Amino acid sequence: AFLSGLRTNHTYFGASVKFEFLHELFVRARYQLTKTSTQQEDMSFIDKNISEFHIAVYYGL
177 AFLSGLRTNH TYFGASVKFE FLHELFVRAR YQLTKTSTQQ EDMSFIDKNI SEFHIAVYYG
237 L
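To convert, take the position in the sequence shown, counting from 1, and add 176; that gives our numbering.
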């Protein structure tokens, strides 16, 4: 109210999987969901969801 600002809530969910096909040859997949809820002047909230998916193939490392 008086001295506090509007509220923003952040929630993160994610998973990561790594698999070795052959000796030192890897595949990695990662998923992340970001949920953001932003309070407005009329005290309602606007929700926004961002989904990210990443895949990588690499040798060694």
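No lab work stands behind these hints: they were computed from the structure. Just so you know, these numbers come straight off a predicted model, no measurement behind them. In this text, a Cβ means the ideal position worked out from N, Cα and C, and glycines have one as well. Among these hints, one or two may not hold up.
Said to hold, decoys possible - Simulated restraints on C-beta separations: (1) Lys211 - Ile231: 35 to 43 Å; (2) Gly236 - Tyr207: 22 to 30 Å; (3) Val193 - Met219: 26 to 34 Å; (4) Ile226 - Arg183: 16 to 24 Å; (5) Tyr207 - Tyr234: 17 to 25 Å; (6) Glu217 - Phe197: 51 to 59 Å; (7) Leu237 - Gln215: 38 to 46 Å; (8) Val233 - Thr184: 20 to 28 Å; (9) Asn225 - Ala205: 15 to 23 Å; (10) Ile226 - Leu182: 35 to 43 Å; (11) Met219 - Ala191: 45 to 53 Å; (12) Glu196 - Glu228: 19 to 27 Å.
Right, here's what the structure says about each hint:
no.: 1; hint: Lys211 - Ile231: 35 to 43 Å; verdict: violated (22 Å)
no.: 2; hint: Gly236 - Tyr207: 22 to 30 Å; verdict: holds (24 Å)
no.: 3; hint: Val193 - Met219: 26 to 34 Å; verdict: violated (41 Å)
no.: 4; hint: Ile226 - Arg183: 16 to 24 Å; verdict: holds (19 Å)
no.: 5; hint: Tyr207 - Tyr234: 17 to 25 Å; verdict: holds (18 Å)
no.: 6; hint: Glu217 - Phe197: 51 to 59 Å; verdict: holds (54 Å)
no.: 7; hint: Leu237 - Gln215: 38 to 46 Å; verdict: holds (43 Å)
no.: 8; hint: Val233 - Thr184: 20 to 28 Å; verdict: violated (37 Å)
no.: 9; hint: Asn225 - Ala205: 15 to 23 Å; verdict: holds (20 Å)
no.: 10; hint: Ile226 - Leu182: 35 to 43 Å; verdict: violated (20 Å)
no.: 11; hint: Met219 - Ala191: 45 to 53 Å; verdict: violated (34 Å)
no.: 12; hint: Glu196 - Glu228: 19 to 27 Å; verdict: holds (24 Å)
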